[in-house]
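Participant: These are the residues of each chain, in order.
There are 2 protein chains.
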Amino acid sequence: MKQNKYDNKIFFEKYSKMDRSTKGLAGAGEWETLQKLLPGFQDKRVLDLGCGFGWHCQYAIEHGAKAVTGVDISEKMLTVAKDKTDDKIRYIQMPIEDITFDENSFDVVISSLTFHYIESFEQIVEKISCCLVPNGDFVFSIEHPVFTAYGSQDWYYDENGNILHFPIDNYFSEGERTANFLGEKVIKYHKTLTTYLNGLLQGGFEVTGIVEPQPSEHLLHTVKGMRDELRRPMMLIISAKKK
Amino acid sequence: MKQNKYDNKIFFEKYSKMDRSTKGLAGAGEWETLQKLLPGFQDKRVLDLGCGFGWHCQYAIEHGAKAVTGVDISEKMLTVAKDKTDDKIRYIQMPIEDITFDENSFDVVISSLTFHYIESFEQIVEKISCCLVPNGDFVFSIEHPVFTAYGSQDWYYDENGNILHFPIDNYFSEGERTANFLGEKVIKYHKTLTTYLNGLLQGGFEVTGIVEPQPSEHLLHTVKGMRDELRRPMMLIISAKKK
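Protein sequences, first through last, are from chains A and B.
Note that the UniProt record's numbering gives residue 132 to position 132 of the first sequence, counting from 1, and the numbers run on in steps of one.
Note that the UniProt record's numbering gives residue 204 to position 204 of the second sequence, counting from 1, and the numbers run on in steps of one.
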């Protein structure tokens, strides 16, 4: 199933009001960590899978990328991206499952919080490996398998509404989950850590970095509820190099 | 703190009755997965950290290892190991934190379910990197960060004693946890996935395999409660190569 929840009017409006939408990269809690794992962009050809509003594309262009391509399934998101980011960026509206770029088309592939919307990670790795040059960089963030396993992506509460802990269940049953995101039902695909990491290794990549981002001191002090994000890992950021 | 729970009489007796103690490797649910990640042992010098009853040492000897060294803190376990395994194996009673082998002493380092008893993974990686030859193999299993985070290592139950899910909490607060293992209190050290994996990468290793073992079909059908192990990841097995 190729999902396009972001073209749902209500969902899109809610998403557009999130910090990461209005403030760009500075509004994304994990950006500081992701940034450290990114390669240099100078003179590189960059592909961003699930580019959304194009913030990462814009960052790559501003840091010297020779050419930047953003792919996203959502028409609404790409409309904003085209309006708000550099004209040199090429945007393609397409499900990521359908990309077919020529061999050695890119020096860097990035993807932010997108692959948990896609059923087969193996297939994506194969497609990326094909269009990435040898020694090319592949850096991506995903929702952590701990965060996607149970399904609801919500805490477990006591009868007074206080958080007790975060629940894990059905960890080894990969596949569709219905999560509650911004008050809307969103389909995501749970995959194990093994599927992501061994998938990369088997797909011909060397893993060069793995970090579970934690909120910065600044966010811990300014955003309500952010301290709870120290209780569970919500995201995973991985950097890899094509062998 | 260097722990030696295994020399506690009551704990040792209980541990000695577990399948993995009486049946050896065949009684360890994760062995089938671990075995696939092991390198060839022919003519290799092998070090086993936290060797316990020596089952992995014996396996290495039987598979052609030139020399095998097993290190464990527990006198009781090593007494059994010396009695039950090949005389060519050298056993050393010592906390793993204290090992100081010469450079290039080993071609392979293995460790089974031991590092969660040790506070600093970084220190261990440094010591292993020192005594392992370049391109040497390092393969180990640990309790999964998901399994160690909360502390009790027990499921969360409803009022009738039925399993609801497995709880996660305090994920980013690494350090001491008191787990209930075989009805005894055991101190373990929770570490995040980032600490283990990025620790390896930063320590000069290439990660070559990562698998969260699942119970085999045979175990699912013969061991009561084993099906619940599909609901949470209990272990993580990692293979790496010194660069």
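Worth flagging that the hints you see were computed from the coordinates, not collected in a lab.
From a predicted model like this one, the values you see are computed outputs, not experimental measurements.
Misleading hints may appear alongside valid ones.
Any copy will do: because identical chains look the same in the list, a pair fits if it lies in one copy or spans two.
List time: in silico DSSO-like cross-link candidates among lysine-lysine, alpha-carbon distance up to 30 Å [to be verified]:
#: 1; residue 1: Lys127; residue 2: Lys17
#: 2; residue 1: Lys224; residue 2: Lys243
#: 3; residue 1: Lys224; residue 2: Lys2
#: 4; residue 1: Lys127; residue 2: Lys243
#: 5; residue 1: Lys242; residue 2: Lys17
#: 6; residue 1: Lys88; residue 2: Lys224
#: 7; residue 1: Lys36; residue 2: Lys127
#: 8; residue 1: Lys66; residue 2: Lys224
#: 9; residue 1: Lys76; residue 2: Lys127
#: 10; residue 1: Lys224; residue 2: Lys23
#: 11; residue 1: Lys9; residue 2: Lys241
#: 12; residue 1: Lys44; residue 2: Lys88
#: 13; residue 1: Lys224; residue 2: Lys82
Participant: Does each hint fit the structure? Answer for all of them.
Facilitator: Tested hints:
| no. | hint | in the structure |
| --- | --- | --- |
| 1 | Lys127 - Lys17 | neither (33 Å within a copy, 50 Å between copies) |
| 2 | Lys224 - Lys243 | neither (43 Å within a copy, 44 Å between copies) |
| 3 | Lys224 - Lys2 | neither (34 Å within a copy, 39 Å between copies) |
| 4 | Lys127 - Lys243 | both (15 Å within a copy, 28 Å between copies) |
| 5 | Lys242 - Lys17 | neither (37 Å within a copy, 47 Å between copies) |
| 6 | Lys88 - Lys224 | neither (38 Å within a copy, 61 Å between copies) |
| 7 | Lys36 - Lys127 | both (25 Å within a copy, 27 Å between copies) |
| 8 | Lys66 - Lys224 | neither (40 Å within a copy, 59 Å between copies) |
| 9 | Lys76 - Lys127 | within (25 Å within a copy, 54 Å between copies) |
| 10 | Lys224 - Lys23 | within (17 Å within a copy, 52 Å between copies) |
| 11 | Lys9 - Lys241 | neither (38 Å within a copy, 50 Å between copies) |
| 12 | Lys44 - Lys88 | within (14 Å within a copy, 56 Å between copies) |
| 13 | Lys224 - Lys82 | neither (32 Å within a copy, 58 Å between copies) |
In the structure shown, a violation is registered for the earlier hints numbered 1, 2, 3, 5, 6, 8, 11, 13, in ascending order.
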